[in-house]
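**Student:** Letter by letter, the chains look like this.
Protein chains: 2
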Amino acid sequence: MSWLHARYRVRSRAADIESVARALALEQSVELPLEAVRNAYIRDHIAGQVERITPAGADHFDVAVRLATVTTGIDVAQTINMLFGNSSLHDHVELVDVDFPAEFGRCFPGPRLGITGLRRLLDAPRRPMTCAALKPQGLSAEELAKICRTFALGGVDVVKDDHGLADQTYAPFAARVHACQRAIEAANRETGRRAVYAPSLVGAPKTLREQARIVRSEGVGMVLTAPALVGMPAFAELVADAIAVPVLAHPAYAGATRVAPPFLLGKLFRLLGADASIFPHHGGRFAYGTQLCTDTAAACRSPLLGMPASLPVPAGGISVERVPEIVRFYGPDVMLLIGGSLLLAGDALFDRTREFVARVEHSCAAEFALRPQPTAH
Amino acid sequence: MSWLHARYRVRSRAADIESVARALALEQSVELPLEAVRNAYIRDHIAGQVERITPAGADHFDVAVRLATVTTGIDVAQTINMLFGNSSLHDHVELVDVDFPAEFGRCFPGPRLGITGLRRLLDAPRRPMTCAALKPQGLSAEELAKICRTFALGGVDVVKDDHGLADQTYAPFAARVHACQRAIEAANRETGRRAVYAPSLVGAPKTLREQARIVRSEGVGMVLTAPALVGMPAFAELVADAIAVPVLAHPAYAGATRVAPPFLLGKLFRLLGADASIFPHHGGRFAYGTQLCTDTAAACRSPLLGMPASLPVPAGGISVERVPEIVRFYGPDVMLLIGGSLLLAGDALFDRTREFVARVEHSCAAEFALRPQPTAH
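Going down the list, the sequences are from chains A and B. Using the numbering used here, you'd call the opening residue of the first sequence number 1 and step up by one each time. Using the numbering used here, you'd call the opening residue of the second sequence number 1 and step up by one each time.
Simulated from the structure, these hints should not be mistaken for lab results. Here the structure is a predicted model, which is why all the values come from computation and not from measurement. Do not take every clue at face value.
[To be verified] Residues from chain B that face chain A, not an exhaustive set, calculated with beta carbons under 8 Å:
#	residue
1	VAL37
2	LEU113
3	TYR253
4	VAL320
[What the hints assert, rightly or not] The following residues of chain B were derived to be distant from chain A, with all beta-carbon distances above 10 Å:
#	residue
5	ASP16
6	ARG213
7	ALA244
8	MET307
Idealized CB from N, CA, C, for every residue including glycine.
All chains should be modelled from the sequences, with the hints used to inform the complete structure.
**Tutor:** Spelled out as structure tokens, the structure:
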């Protein structure tokens, strides 16, 4: 027998936790009271079973449940269903983590490049990498391409679309990708660096396929997409079938306070094929504590079924000034994503970008005793 | 200019709410501080704007924000992105409701049948309709078909797969759909009624297409699927392209405590094409209050861009004994879904099912002065 081992944080009075935990295990499997399951095989091999209950603070418990692998059909949508389909509607239950069985490693893609491949792609063998975002939406493709060029000339490794850029009239997807990709190629010729542009893919499955086709034909080096927004099953299929470049996962709509961010944004998005995963860094615009950031980064990088590690991308309102602190926090296996703080510089955008890049290189040298790499421009 | 009018419930100190609300409007549009937006057109026509702030209890406010329709590209994924992409990560923000512009009525499918069409399909001109669920998973296709036959002979209108039934080895999708559809057709020949079987569609986009093909070739009368699980964009595309029968939406993975259930399960799933929507009824296994149930049903049935009303399907641990109360609560435009409470009857399943159906018909007669319809069997 093969099982998924799921861990839930459950709010309950101590007197009730045994029955609450049992109800959770049944909700996520047979969805029936056990006395209504008359088949012994189903009771023993299909029904979820509580493995362990551990106190976790006042009126909270960690509940470990094993769920039969066979119930998932090893399908993305059905796996999420078995893990948190109905219980997502229970205010007192949070899905915290899952240990997947070995079959999942054979059937799910995992990151294609991961940290090692991204370092090679970006010619950044040891240092933290940098990322900036094209915005605000409302600008034309040409205006965005101009910002893209500036970021690349400034030495940023990855220039990504704001996740709000889709296929809007003011900067249609095809025109924007063409303009920005040409801009980054021209900048790379000037700098001798290998910056990549990562357009945002968003839409229904057919739209995503068409956007992937454009990405291939334009020679784009990376893509950004939000698995919770396009749907995790569609995300996984897209990555497997239509994307040959690295994939940057965006947390939009992940509602991550209901599913633990380290699991959802770290482990699960990685399992489905994210080469890098964006998440809020503490002290920015989102109320993520330092422990949550540590754990999310760890979920990106810890051993997982022999898959490559994915790259943690802390973001969400961090400023250039905080670069040293953030590099110290995550170590070199990280990509720093700074958006608004750079664009606040207005006409000084190039200089501010350079400063960002220089600070990362300097922090890296200071913290990890590496030589700073010369920045061409 | 065309706008979406979104309403958020925000937890904040009174002294901070103005700036918190402004930050929310920017987060869901340009994702930049306004002082970084140098283009006047973008400031006036693309950036989200706070329309109204209303106190809503201690440290809570209702914040009305208008978002430019043009930012959505009138695409499902991008619309969700603009409504709650990043703010879903904010613990202090809940998306409560949205008024969509008229363009959405032209571009999104809405229910194909809705209440009126379902009543005609099920030959139930005025009474509440009934629904039962095939479970537990682990049973074979033949065993499930036998339960299906029993439900149909008992007079249930819709026999749906448990949403946990996918394409598992013990009851593969194709074999299960074939067996259950034949069972319901045979039962209908015996009873003279028009019960329908609604198999559960779950998987990545390609899997959903194949399941839809099987549904068509078997002559199935209805389908069940969970938009939050398969992804709302994939759900909408499937409904538009590949499904010709009514669609029953399941709330699995909707994490509905973070997005207000009346909006998500009621209005939004309906906008995307659900003919009926399942949600937890109060007093069952889920902590939904009566107001939430009233509001969710209202969202299914209130005027929406000229679209047909969708059918509220309260569920989640309700018993046969509660039928009169539930009918009184929702009125006749409802479908009652009872699962485990019927199957607890074991060998008395047929009788218990009949009792369920009879109670609904009797309640209806008592409450709404309709003639009970004779139940053939």
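**Student:** Against this structure, judge whether each hint is valid.
**Tutor:** Verification of the supplied hints:
1. With a cut of 8 Å, the hint placing VAL37 of chain B at the interface with chain A holds, because the nearest CB-to-CB distance is about 5 Å.
2. At a threshold of 8 Å, the smallest CB-CB gap from LEU113 of chain B to chain A is about 22 Å, leaving the interface hint violated.
3. Interface restraint check: TYR253 of chain B against chain A, minimum CB-CB distance 5 Å, threshold 8 Å, status holds.
4. Checking VAL320 of chain B against chain A by beta carbon gives a least distance of about 14 Å; that is not within 8 Å, so the hint is violated.
5. Non-interface call for ASP16 of chain B relative to chain A: holds, since the shortest CB-CB distance, roughly 14 Å, exceeds 10 Å.
6. Against chain A, the non-interface label of ARG213 of chain B holds: every CB pair exceeds 10 Å, the least being about 16 Å.
7. Every beta carbon of chain A lies more than 10 Å from that of ALA244 of chain B, the smallest distance being close to 18 Å; the non-interface claim holds.
8. Distance check on MET307 of chain B: its Cβ is at least 19 Å (rounded) from any Cβ of chain A, clearing the 10 Å threshold; non-interface status holds.
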